[in-house]
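2 protein chains.
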Amino acid sequence: MLEGYRGRALQLLSSLGIEVGDTVQVYNEKVNVKGLLMPSYSKDDSIIVLKLDNGYNAGFSIEKYKVELIGKSGKTSEALGKQSSSPGKIKIISTGGTIVSKVEYETGAVRPALSTEEIVRFLPEIQEISSISAQVLFSILSENMKPEYWVKIAEAVAKAFNEGSEGVVIAHGTDTMSYTASALAFSLTPLPGPVVMVGSQRSSDRPSSDSGINLASSVLLARDAPFGEVVVNMHGESSDTYTVAHRGVKVRKMHTSRRDAFQSINDLPLAKVLWNEKTVKILRSDYIGKSEEVRLNAKFDDRVFLLKFYPGLKPDIIDILISSGYRGIIVEGTGLGHTSSDFQEAFKRAKEEGVFVGMTSQCLFGRVNMNVYQTGRLLQQSGVVPLSDILPEVALVKLMWSLGQSKDLEEITRIMLKNVAGEYNPRHFLDHFPRWKHE
Amino acid sequence: MLEGYRGRALQLLSSLGIEVGDTVQVYNEKVNVKGLLMPSYSKDDSIIVLKLDNGYNAGFSIEKYKVELIGKSGKTSEALGKQSSSPGKIKIISTGGTIVSKVEYETGAVRPALSTEEIVRFLPEIQEISSISAQVLFSILSENMKPEYWVKIAEAVAKAFNEGSEGVVIAHGTDTMSYTASALAFSLTPLPGPVVMVGSQRSSDRPSSDSGINLASSVLLARDAPFGEVVVNMHGESSDTYTVAHRGVKVRKMHTSRRDAFQSINDLPLAKVLWNEKTVKILRSDYIGKSEEVRLNAKFDDRVFLLKFYPGLKPDIIDILISSGYRGIIVEGTGLGHTSSDFQEAFKRAKEEGVFVGMTSQCLFGRVNMNVYQTGRLLQQSGVVPLSDILPEVALVKLMWSLGQSKDLEEITRIMLKNVAGEYNPRHFLDHFPRWKHE
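Heads up: the sequence lines are chains A and B, in that order. Note that UniProt numbering has the first sequence beginning at 1, numbered continuously upward. Note that UniProt numbering has the second sequence beginning at 1, numbered continuously upward.
For the record, the hints were derived by calculation from the structure and aren't laboratory data. A portion of the hints provided could be inaccurate.
Said to hold, decoys possible - The calculated DSSO-like cross-link candidates involving lysine-lysine, where the alpha carbons are at most 27 Å apart (straight line), are:
| id | chain 1 | residue 1 | chain 2 | residue 2 |
| --- | --- | --- | --- | --- |
| 1 | B | Lys437 | A | Lys281 |
| 2 | B | Lys314 | A | Lys407 |
| 3 | A | Lys314 | B | Lys437 |
| 4 | A | Lys34 | A | Lys278 |
| 5 | A | Lys314 | B | Lys146 |
Okay, chain A solo, but in the shape it has when bound:
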């Protein structure tokens, strides 16, 4: 079995009797490395891909290295396949994204393709952490995620717990992972066990991929974490020393490409997974504990608009949104929660039409406070509801969910202001704000 290999590498590996999963040594005058042979998706047919002890995949050109078979894996693809379909303590639900992607030969771009079975084959040590069962729910890039898919994922999570899983890992594209995390948190909190969302910033065929450590750490976390919450577990820094589990409703993708792109905002992470020590370190005691039973409440109304205010934005956009059928608006205001004062009348009309208008801040860090300045007070008089320190994107998802619970504006306001899944943090500390370098 030599999936993905072509041309020169295929010829060499075949002649040496090496198959995917076997332990292989590559060496030259300078380098001597041992690893497991992985399937190849390299465009260069001279490259063989090894999974190294540090969890990373690395590509080696057979033009530069000699290759030797050290040991046969003894496992056939079929055996691995069977393993992953048996019921297990930890359920891995795959939805797509880079963590399960391969390079598309035609365009050279990356698209989701690998099944969860293939992932488990990439990372045989996962099965040493826990018994695993796996399910491919979707195979889509996360920018194509929609509220109706959130419902399917929530249902799959509920089903997994009802069937006896002790924790769930969800492989998901990173683009909209925090939106899905919020949707699941509102639909399912409290939970009988951890729901760990995980993705990858580098696809698993690339040497610097973080998918290995991220996925394996997530299985460890799903097994050991004491909480019944939805978290996002991703690299904590640019090197691969640890992953960090952020509360799903307090996390944001803050960088387009870094492996440590996901960071808590106005919050500290719940846990740290030290991969080399195979240890989960719980960082806070105020997590939401495990519930006895699954509570599933996944109804969303997506007629909600996220409106980022800026100088020059004209208030008639509010009327345009109302007449287009939107039922709620989350404003990303400036500073403590402001728009220009000429929005007051438009917001009043929104309220009269039964459209909820909530205020968040485009600063992202800190808390909306509409009592400090005249503008804030007048906006509140127009019916705008200040939403404290909730992130704009989380407020958006929560409003979609709140509109799924009630049609009554007062009841919707009550739900929006209630702390459902830790989306409001009553206490901010100085070290919630990261440190920039000034030298």
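Got chain A sorted already, so can you dock chain B onto it with the hints?
Positioned in the frame of chain A, the structure of chain B alone reads:
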């Protein structure tokens, strides 16, 4: 002269012959402090306000402290007033905002009111840094700032340089300060001297106000900086050890209330002002130097929409924007610059209608790259222009400015992709990303 004082404090100060500007000592068993008497805007008529040596104003209750006159200022209000209207090397243009605000007695909220003359009276040491001339251009809260005001500010800056100023300081509300900074940078770069925008996160009547250090540091920077750029100069950390001058097109308000809310994104600051040492430390050599003459090009077309993409957003919003007369759309996409793929057709229609669509990332940090994934490639085929590492808000202002330069979509695209004022940073380093605490 005892502006703002009423009741008990007015009675005591009058009886002691103390006026605003005099040096005063306040003390009890535990505390002994010296400072200049400031005008009061406290609601409590027992409070007197002193400017301390560290640049901060602090309030002291005459119920808890004894008060003594140490020295008369010798300057009358009229003299101070005259000083500020004479031509000076550094021009302070006041547009409003917290830095020039006082508490509004009726609502208890803060609104802009103090004139630049009053500011100079608050901070007499500014006149030791440089000769100052001052102008109150507007007195508005920055959330009410509009593109037509950007033009007025740009014209006032150009006029100041044409009349011989060597540097300009602009007092501005913090809410939209970075938008105005971008607008000025595109309208005026390169400049004959520094344009330093400055604001305050705490109003000048509050003990913890940062307006003193921020304003005085800005005058120092405007006098000594070697560049011809627009910068935002604000507190560098939560204590008052230094301010940081960020490139106007690479800065963002990242916190609703912290004094060090402004931070460079995908960039390092140009300079640091060490206030206690009265020293400007230039941190980079790749600044834009001073020009011989003023170049003023301040035309904006505000028919531009900033569209933040999220799961559930329906593509018909693009058609709604086109038919509402918008001429350009800046998309804040997910990750490397994505929307769901069902936006492709709508973006094609936008292009056919001559509407520019540019892509930025809601991650804020990092760079848009629409060649990595299938989605990005297809969006580019639909005419969406990837805008590298420019901030969404800066792209928005630049598109308003570009539409002011040309009606031709190709020419607009050319302007948008050209690095006009340092809004694109070709090189990112690891330490551009701040450090979060994970313990």
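The hints, checked one at a time:
no.: 1; hint: B/Lys437 <-> A/Lys281; verdict: 15 Å, holds
no.: 2; hint: B/Lys314 <-> A/Lys407; verdict: 21 Å, holds
no.: 3; hint: A/Lys314 <-> B/Lys437; verdict: 39 Å, violated
no.: 4; hint: A/Lys34 <-> A/Lys278; verdict: 21 Å, holds
no.: 5; hint: A/Lys314 <-> B/Lys146; verdict: 10 Å, holds
Taken one by one, the earlier hints fail for this structure only at number 3.
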